[in-house]
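Visitor: What follows is the residue order along each chain.
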Amino acid sequence: MSKLHSTNQLEALYKKVLSDKAHKNRIISISSGTCGQARGSIKLVEAFQDAIIDDKDKISLKVSGCHGFCAAEPNVIIYPQEIFYKNLKPEDAPRIVQSVLNDEIIPELTVSQNGTNFIHLEEIPFYSHQKRILLHDNPLIDPTNIEDYLALGGYKALSKAFEMQPEEIIETIKLSGLRGRGGAGFPTGRKWDITRGQKSEVKYIICNADEGDPGAYMDRSLLEGNSQSILEGMIIGAYAMGATKGWVYVRTEYPLAVQNVILNIDKAQELGLLGENILGSGFSFDIEVVRGAGAFVCGEETALIHSIESMRGIPSQRPPFPAQKGLFNKPTNINNVETWANVPKILVNGADWFANIGSETCKGTKIFSLVGKVKNTGLVEVPMGITLREVVYDIGEGSPKGKKIKAVQTGGPSGGCIPENMFDLAVDYESLTGAGSIMGSGGMIVMDEDTCMVDFARYFTNFLQGESCGNCSACREGTQRMYEILTDITEGKAEEDSLELLEELAHVIKNASLCGLGQTAPNPVLSTIRYYKDEYLAHIRDKRCPAGVCKTLIKYQIDANNCTGCGLCTKNCPSGAIEGELKQTHSIDQEKCIKCGICSDVCKFNSIITE
Amino acid sequence: MQEAINFIEARIKKYGKYLIPILQDIQQFYNYLPEEMLRILAEKMHIPFIDVYGVVTFYNSFNLAPKGEHTITVCTGTACYIRGGPKIVEAVARELNIEAGQTTDDMKFSLETVNCLGCCAIGPTVVIDGEYYGEMTAQKTLKLLRTIKEEKKEYEQVALYEST
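Listed in order, the protein sequences are those of chains A and B. Taking my numbering, the leading residue of the first sequence gets 12, the next gets one more, and so forth. Taking my numbering, the leading residue of the second sequence gets -1, the next gets one more, and so forth.
Quick caveat, the hints were computed from the structure, so don't treat them as lab data.
FRET-style restraints, in silico, Cβ to Cβ:
| # | chain 1 | residue 1 | chain 2 | residue 2 | range |
| --- | --- | --- | --- | --- | --- |
| 1 | A | Val213 | B | Thr55 | 31 to 37 Å |
| 2 | A | Glu507 | B | Ile10 | 56 to 62 Å |
| 3 | A | Glu178 | B | Glu7 | 46 to 52 Å |
Glycine included, each C-beta is placed from N, C-alpha and C at the ideal position.
Produce the entire structure from the sequences given, and follow the hints as far as they go.
Guide: The following block contains the structure:
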């Protein structure tokens, strides 16, 4: 494809791309993001390539980014009918191809529930309760082919932007009510306005793709599956703010995302959508990729800037804000991946359209990663203001093992836990903060009765202690002390006054830390003490872990009623602690047991019990 | 030595004053950051060695010690944690008689943990030599590990379909 010099040439390219695709409307799209690949999508792709070899003119095969329903992967969606087949094996490929050619359906490969087969995407409970604006396009896009993005109307928003004044674009974003999806929820239009208002010849923009919150991966999915939407958002933003250069700062832990973003920048440059005089508008702008090096704190704006400058990622005092003095001391606007991806949709569909989705104070949709102890794990895009109950039970279909769901953790290490009896809470920035948690980047980790809340708080505290940059003593030393106290509690060594001490420490860390990491570091501890004080007290007073997690306080036993004497536990026990004749009830020698829990994992008869 | 100098000079030419991408290139090539390379780098960039060392030790992805022939990375992100990630780390550590972050004496295996790989829905996730495995357990990981130990090349298939 040759370089485009005007929006008219882009229009002509749309026509060509659409007519090329017109005769090939039967598509098999394979979900092949990183998680799909971990579930075997690469072998599935190979099997499909072999299976369609004689029918390439009738069916096109699309190796796309993540389709969102991770629990069903590897999966395919067949277009135009949107038939969804789940958990496929390579040997399923030939009959699927045959069924597409014959316009048939294979019921046993569809999602089923209580005897009902859900054939089409929109019927499946996981999808039917969602509003997929950003994720909708993923299955229709081969991330290596920019034509797929163009066929869906890609870069129409940019053409429209070039017909508008920069101030008009910012006004549109303001009216839409879009707020930063990275977690803080600052109004995007206002942020742009501040950067636009700075008197400087040179301004920069950054896409924050340092998705460090463990348990959140919506940005990875967008970067891998549809990076053009992010690039288009950035170009529009740059034009509105008068920026000349942009950076995508992406985690090095996401190799496929890094690869796809770099590739798509090249493609956009080839078409003249990045570079000098974009589409003949007179506006020049380019984007560079910087890989992170594995530091959670670099998600913080000023730390991220230092990291791009190749320094240690230590946050700075604000003000000056990055909008005033940012990267290389120039005014810099930083937005999150999901925020940028919303921009083209808002420009094309209008501010009113966006403002009509969501709650009173939070507009649009938000992508959540629904993970942990829930049946339908995956990426869920829902209107702001939806209740946690709808997300966990209607979309997620509750616990996979019929266990009682205890809580949802939102907001990553800076967030908190929301207990089950508060699941009617509407999910938006304000309500989550009111409940002692935060929206964060959108991780939703579901916990059931087998999750120990003290151990969980200890996990996050350990994480934050390791990721603290070390600049502020309160954060550096305080998180370490909190971790030690929590460890004592989980080992049954703590006294009751340790809870007071934890709370006191928490307030000092919150008040005496410079950046968001330290200011929010005590949240997991405070929110679990707030809602699960009983569990803390059980560890402290009764030396008991109600969830059966904390090693020092539990022991593994064999339930004689269930044990069949199959010997699988004996075979797998690394410390030789399990004895018993074949077909006789086995027993565990508590002296030898190292409490690794492998027996419990391998037992097929639920006969290992924790006490 | 001359080879090392050439390598670094070429990178400085490509990346200018930006230390992190140069370090990433060195690590990609050597599998770790040899001290000698860091000393040459500091000298060629006209910056104190402590500045290079400071950046290297700040970021988790840089290694100052060589890694083994096979790297086993266990995700200990939140979702993997509550689904049993730590059990896998312990089991592998026990099997190889090393701790997370270490390499076996025979330089065959390195055990790493990572904060999050973004495969949260199918956790616990384990990556062995760049290959991702979802829904792992301690037992499945050990099985896979033992197959590699026996130098069988078909190990890729072992775990994949057991999980579904």
